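The lines below spell out each chain.
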Amino acid sequence: MDARWRRRLRTQVATLLAVLLAATALTFAITAVLPGDAAVAILGETASQEDVAALRRELGLERPVAVRYGEWLLQAVRGDLGTSYRTRERIATMIADRLPVTLELILLAQALALAMAVPAGILAAYRSRSRTDAALGALSIGLLSTPAFVKGIVLIYVFSVGLGWLPASGFVPLSEGLWANLGSLLLPALALALAEFPVYMRLLRADMIATLQQDYGLVARAKGLGVREILLRHALRPSSLSLVTVVGINLGRLVGGAVIIETLFALPGIGQMLVSAVYQHDHFVVQGVVLVIATGFVLINLAVDLAYAALDPRVRIGE
Amino acid sequence: MSETPTAGRAGAPTTTPAPRDARRARWREPGLVLSVAWLALLVVLALTARWLPLPAPDEQDLLNTLAWPGPGAWLGTDSLGRDTLSRLVHGGSVSLTVAVGSVAIGLLAGGALGLVAGFFGAWTDRLITGAMTVMLCFPGIVLAIALVSSLGPDLAHVTIAIGVIFVPAFARIARANTLSLRHREFVLAARVLGARAPRILLREVLPNTMPALLSYAVVMLGVAILAEAALGFLGLSVRPPQPSWGGMIAAERSNLTDAAHAVFVPAAWMTGTVLAINRIGESARRLFDVKAQAL
Numbered sequence: 001m002d003a004r005w006r007r008r009l010r011t012q013v014a015t016l017l018a019v020l021l022a023a024t025a026l027t028f029a030i031t032a033v034l035p036g037d038a039a040v041a042i043l044g045e046t047a048s049q050e051d052v053a054a055l056r057r058e059l060g061l062e063r064p065v066a067v068r069y070g071e072w073l074l075q076a077v078r079g080d081l082g083t084s085y086r087t088r089e090r091i092a093t094m095i096a097d098r099l100p101v102t103l104e105l106i107l108l109a110q111a112l113a114l115a116m117a118v119p120a121g122i123l124a125a126y127r128s129r130s131r132t133d134a135a136l137g138a139l140s141i142g143l144l145s146t147p148a149f150v151k152g153i154v155l156i157y158v159f160s161v162g163l164g165w166l167p168a169s170g171f172v173p174l175s176e177g178l179w180a181n182l183g184s185l186l187l188p189a190l191a192l193a194l195a196e197f198p199v200y201m202r203l204l205r206a207d208m209i210a211t212l213q214q215d216y217g218l219v220a221r222a223k224g225l226g227v228r229e230i231l232l233r234h235a236l237r238p239s240s241l242s243l244v245t246v247v248g249i250n251l252g253r254l255v256g257g258a259v260i261i262e263t264l265f266a267l268p269g270i271g272q273m274l275v276s277a278v279y280q281h282d283h284f285v286v287q288g289v290v291l292v293i294a295t296g297f298v299l300i301n302l303a304v305d306l307a308y309a310a311l312d313p314r315v316r317i318g319e
Numbered sequence: 001m002s003e004t005p006t007a008g009r010a011g012a013p014t015t016t017p018a019p020r021d022a023r024r025a026r027w028r029e030p031g032l033v034l035s036v037a038w039l040a041l042l043v044v045l046a047l048t049a050r051w052l053p054l055p056a057p058d059e060q061d062l063l064n065t066l067a068w069p070g071p072g073a074w075l076g077t078d079s080l081g082r083d084t085l086s087r088l089v090h091g092g093s094v095s096l097t098v099a100v101g102s103v104a105i106g107l108l109a110g111g112a113l114g115l116v117a118g119f120f121g122a123w124t125d126r127l128i129t130g131a132m133t134v135m136l137c138f139p140g141i142v143l144a145i146a147l148v149s150s151l152g153p154d155l156a157h158v159t160i161a162i163g164v165i166f167v168p169a170f171a172r173i174a175r176a177n178t179l180s181l182r183h184r185e186f187v188l189a190a191r192v193l194g195a196r197a198p199r200i201l202l203r204e205v206l207p208n209t210m211p212a213l214l215s216y217a218v219v220m221l222g223v224a225i226l227a228e229a230a231l232g233f234l235g236l237s238v239r240p241p242q243p244s245w246g247g248m249i250a251a252e253r254s255n256l257t258d259a260a261h262a263v264f265v266p267a268a269w270m271t272g273t274v275l276a277i278n279r280i281g282e283s284a285r286r287l288f289d290v291k292a293q294a295l
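In order, the protein sequences belong to chains A and B. Numbers 1 to 319, taken from my numbering, label the letters of the first sequence in order. Numbers 1 to 295, taken from my numbering, label the letters of the second sequence in order.
Chain B extracted, bound-state conformation (with noise of 0.2 Å):
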């Protein structure tokens, strides 16, 4: 079922162009470079936030609550009259820390585990494996609720939570990819030549595992953020008045009859910005034709 990734229709022309040619041309793509940049954007907001002249996150202005976007307020303000815009960019380091640092868990834990799973093989396999399904058994969403309702809500363990539900997804990437090179030629000639399993693990396996996982991580970053939005609409995220997407949305829920913008203008950043890393997740994933592998 799997030969044929992408098929055209019968007798249509195939023209390959040279791979320098692609990866050129690629970057002629304008989603891909609109994504790029909303993404470096954000970073960049994020980052100098402090010093951007915006009124304060948390700033209330009572006499002029749910106005429109306009001079003042760009993006319009919230029912307590802080500004949307300035509530984005600060909730925006925090989906931003979330997303990289729960990736960052995952793709570290899992990609370990997964790795030493295929690599060793036997009861190993056995007990990881076995592991990583009883973990899927678990809906994400319950596990971290659980483990954030536990902990308190606060960035560092709402990064640990959503860390933690990804491991298993990492750790069967990881153990799929280690399985298919565990008997090539080169990590046998390494064995051969006297290298021990650490090093046969870390120099020969983990850096072709790396194509898989990287490109995989990126479609996760915002996976992240739709869970950390998620865990702030169920107040789950950091605690307020500090700014979180999923919180804003869930906060104006209530003003959706008269100030539908209040609710939307948030809704919009947040899913323009998970499109812009899917967008680019999809174009590592076709950087390094790694099949798409279902959940």
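Excised from the complex, chain A in its bound form (with noise of 0.2 Å):
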């Protein structure tokens, strides 16, 4: 690591910092100002003025919006999230005990739409303008027009109620064996993954046809490569730089995309909890969901730019 490997990562690091700053801070002022109020949330409309008034104290609502924000913030900072106003429970945990089910999920998820869209985009470059071609990306386009709750639907529709093959809904614990665990996550992970596919495919493609236009293309073809080497060897990873980075901010809006399917699917993860969170106007859950999510895609912009860098030699002397 030389000197300016480390200046780019304080850069990185102090980004970071200010980023998650800002972000609860914005998710601290929607949930705030707008209207909504958590009291009246927990006793129901029917409550009584002094119930709401008396319970607003003990939750401390009552007092201004910046103070509320720098405790919560000091606390968190200790790894303190607070307590759920409705169940009481400490979020922390509440987190813990749900990010493991989404993490699955969406890294099952990613591998799927890796798995069909490498092959797919390396055939559609390969065969470019061809049949296939044609077909691979009518194929994208109607995936991408379809809301992921419909493709959810769908294979519910295919594989359990028609074949029986998979749960409808539930998630089964890892601990109750890897199968019945895959099982209960393989049609969500789908789900999300056929929404991802056509993106990744579709770049890998675009990629791909301009590296094999490129001189190196030539040369390994001259040399007398086999087809496999060249694709695979020699046009895949650098072209997989565009793909390496959308794939990364892609994790995020899986995280977007898990809100809905878990809902469909009925599994217990984080977009769950935010939804239901959310409906319920319980703030410190929303706030404690916004603070992982927003870590996470952070921390992942930093992982996709030390990737990029072993990658593309270009990148690693440059700049």
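One thing to keep in mind: the hints can contain errors.
If you want the ones that stay clear, here's a sample from chain B, every Cβ over 10 Å from chain A, calculated [said to hold, decoys possible]:
# : residue
1 : Pro57
2 : Gly101
3 : Phe138
4 : Gly246
5 : Glu282
6 : Leu287
Chain B side only, calculated, beta carbon under 10 Å to chain A, not exhaustive [unchecked claim]:
#  : residue
7  : Trp51
8  : Leu54
9  : Pro55
10 : Ile128
11 : Gly130
12 : Leu136
13 : Ile141
14 : Leu214
15 : Val218
16 : Gly222
17 : Leu226
18 : Ile249
19 : Ala250
20 : Leu275
Going by beta-carbon spacing under 7 Å, a handful of chain A positions derived as facing chain B [stated by the list, open to error]:
#  : residue
21 : Leu143
22 : Pro147
23 : Gly183
24 : Val278
I should point out that these hints are in silico values taken from the structure, not numbers from a laboratory. All figures in this text were calculated on a predicted structure; none of them were measured in a lab. Idealized CB from N, CA, C, for every residue including glycine.
Please dock the two separately framed chains into a single complex, following the hints provided.
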């Protein structure tokens, strides 16, 4: 690690902290300024004025937003995200319970999407403008035009209702067996993956076509290397740069998709936790989940930056 | 990596027809014509829904629930015996209003921010770009859920929420285009002639960013429909009994086993619409030769 690298890392960490601060402050502002009161949400619309006022005092809701944010931040730095208004559970524990489900879902979805997109992208680029290419293009536009929950419903209809192979909803933890666990996540992960697959495939195809036209592609062919060798070794690696970036950025987008898919498949992940917390005006839970998501997002961007350097020598030496 | 956006096999003969011919040929593409026709039909149906010979969208017929498509109910009925076609037509006006409204919000606010950030640079740029980065830290749908659940589910709030999540993307595109235009000769010429910043922005820079922004806006219309459907699916779009496409699918989900058509007819209707929009967007992008900008 030379000086340049350390400087770059330092800038990245500073950006990370700034973004986290701004993201949590924004969430705090949204949940505090907008109508919809946690006290009313807990007690119900029929509660008396006095009861609501008492509960607001107890929850500390009548103090200024800035003070509450400051307090929350001080505690969050120490790893204490507060307790849920609703269940009185510790939020850090709630997140720790649910995060693995979402992570497993997202990683499985990414793996499935890449497993489909890389071969399809290579094929479409190698046989560019062929009928296969056109069919893959049409398929990807069709998939991009279908909302994730409809894909999920179609998958449920085919594999649960029709064939009866996989469960339509619910989550089986890893402790009850790997296969049961994967089985319960396969359909939701596939529903998410089918949304990412066209994006990755189109990206890889475009980059591969450009790479294959460069001089070293020609050299590789002139040397008499086989198709497989040229495609996988000489074309795929330099073409995977934008793919790595987008795969990284998409992890954040996948969390958004997970919110819907977890609701559809009744999976106990942080997406579902977030939705119910938003419905119930459970502000601190929303805060905590947003903090976790934003942290993950920023860390991923950092990792993508590092992966970039590892994949392309030009980035490593240049700049 | 980006010198050659499209590429044939080496040695393939390339014929470049004259632009006018290309434009005319584009209208002969059956897919595009079909897409435009379908959207035009949807708009006309949505505008004239009140006078169409269809049952009211909330008119229940409990003796005729989950009926298959046939005479009387062309696209079948839902679990309360309401006419699916009528609900799709009325739900269409919700989807189209949200799509046009939210894209307009994203285009105006995001476009203005991006233009200003790219043109003035320095701290203005850093401030706006920073704010947009923060917004991109939220998965868009999460932000929309938070906004709608706080404001209350109705048409205007759904439109605003989706419009807000579109702002950063439009700002990015406007900024990137402005950056590349800022030092071009015609901008310099305008400046030398004594034009002030607002005039340069509106008369010189803005018109040149429009192709990229508008062809992106077309694609975002489809994204907006999908987002509205997702909110409707979560019960956060217009309140029932007013129909929305996402809400219709969500409501009939439990009947998937014995009346799949009640779910798949609205789903197909919606997918067809977004497909048509994407098809038109693709052509618009090719027409203006805009490089696809990943989000």
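Going through the hints against the structure:
1. The claim that Pro57 (chain B) lies off the interface holds: its Cβ sits roughly 21 Å from the closest Cβ of chain A, which is beyond the 10 Å cut-off.
2. At the 10 Å boundary, the C-beta of Gly101 (chain B) stays outside the reach of chain A, the nearest C-beta of that chain being 19 Å off.
3. At roughly 7 Å from the closest C-beta of chain A, the C-beta of Phe138 (chain B) falls inside 10 Å, breaking its exclusion from the interface.
4. In this structure Gly246 (chain B) is not separated from chain A by more than 10 Å, as the shortest Cβ-Cβ distance comes to only about 7 Å.
5. Not every C-beta of chain A lies more than 10 Å from that of Glu282 (chain B), the closest at about 8 Å, which undercuts listing it as non-interface.
6. With a least CB separation of 17 Å from chain A, Leu287 (chain B) remains clear of the 10 Å interface cut-off, as annotated.
7. Because the closest C-beta pair between Trp51 (chain B) and chain A is about 30 Å apart, greater than 10 Å, the hint is violated.
8. The criterion of a C-beta within 10 Å of any C-beta in chain A is not met by Leu54 (chain B), whose closest approach is roughly 24 Å, and the hint is violated.
9. About 25 Å separates the beta-carbon of Pro55 (chain B) from the nearest beta-carbon of chain A, more than 10 Å, and the hint is not met.
10. The closest approach between the C-beta of Ile128 (chain B) and any C-beta of chain A is roughly 13 Å, which is over the 10 Å cut-off, so the hint fails.
11. The interface hint given for Gly130 (chain B) holds, since its Cβ lies 7 Å from the closest Cβ of chain A, which is under the 10 Å cut-off.
12. A distance limit of 10 Å between C-beta atoms decides the matter here; for Leu136 (chain B) the minimum to chain A is near 8 Å, and the interface restraint holds.
13. The restraint placing Ile141 (chain B) at the interface with chain A holds, with a minimum CB-CB distance near 4 Å, inside the 10 Å limit.
14. Because the beta carbon of Leu214 (chain B) sits about 20 Å from the nearest beta carbon in chain A, more than 10 Å, this interface hint is broken.
15. At about 13 Å, the closest approach between the beta carbon of Val218 (chain B) and any beta carbon in chain A exceeds 10 Å, and the interface hint on this residue is violated.
16. The beta carbon of Gly222 (chain B) is positioned within 10 Å of a beta carbon in chain A (closest approach about 7 Å), and the interface hint is therefore held.
17. At about 5 Å, the closest approach between the beta carbon of Leu226 (chain B) and any beta carbon in chain A falls short of 10 Å, and the interface hint on this residue holds.
18. Hint on Ile249 (chain B) holds. Least Cβ distance to chain A is approximately 7 Å, under the 10 Å limit.
19. Because the smallest distance between the Cβ of Ala250 (chain B) and any Cβ of chain A comes to about 8 Å, under 10 Å, the interface hint for this residue holds.
20. Hint on Leu275 (chain B) holds. Least Cβ distance to chain A is approximately 4 Å, under the 10 Å limit.
21. A least Cβ separation of about 10 Å between Leu143 (chain A) and chain B goes past the 7 Å threshold, and the interface hint is therefore violated.
22. Annotation: Pro147 (chain A) was flagged as interfacial toward chain B, and the flag holds, the nearest CB pair being 5 Å apart, inside 7 Å.
23. A hinted interface residue such as Gly183 (chain A) counts as satisfied when its beta carbon comes closer than 7 Å to some beta carbon of chain B; here the least separation is about 19 Å, so the hint is violated.
24. At a threshold of 7 Å, the smallest CB-CB gap from Val278 (chain A) to chain B is about 5 Å, leaving the interface hint in force.
Checked against the numbered hints listed earlier, the structure breaks hints 3, 4, 5, 7, 8, 9, 10, 14, 15, 21 and 23; every other hint is satisfied.
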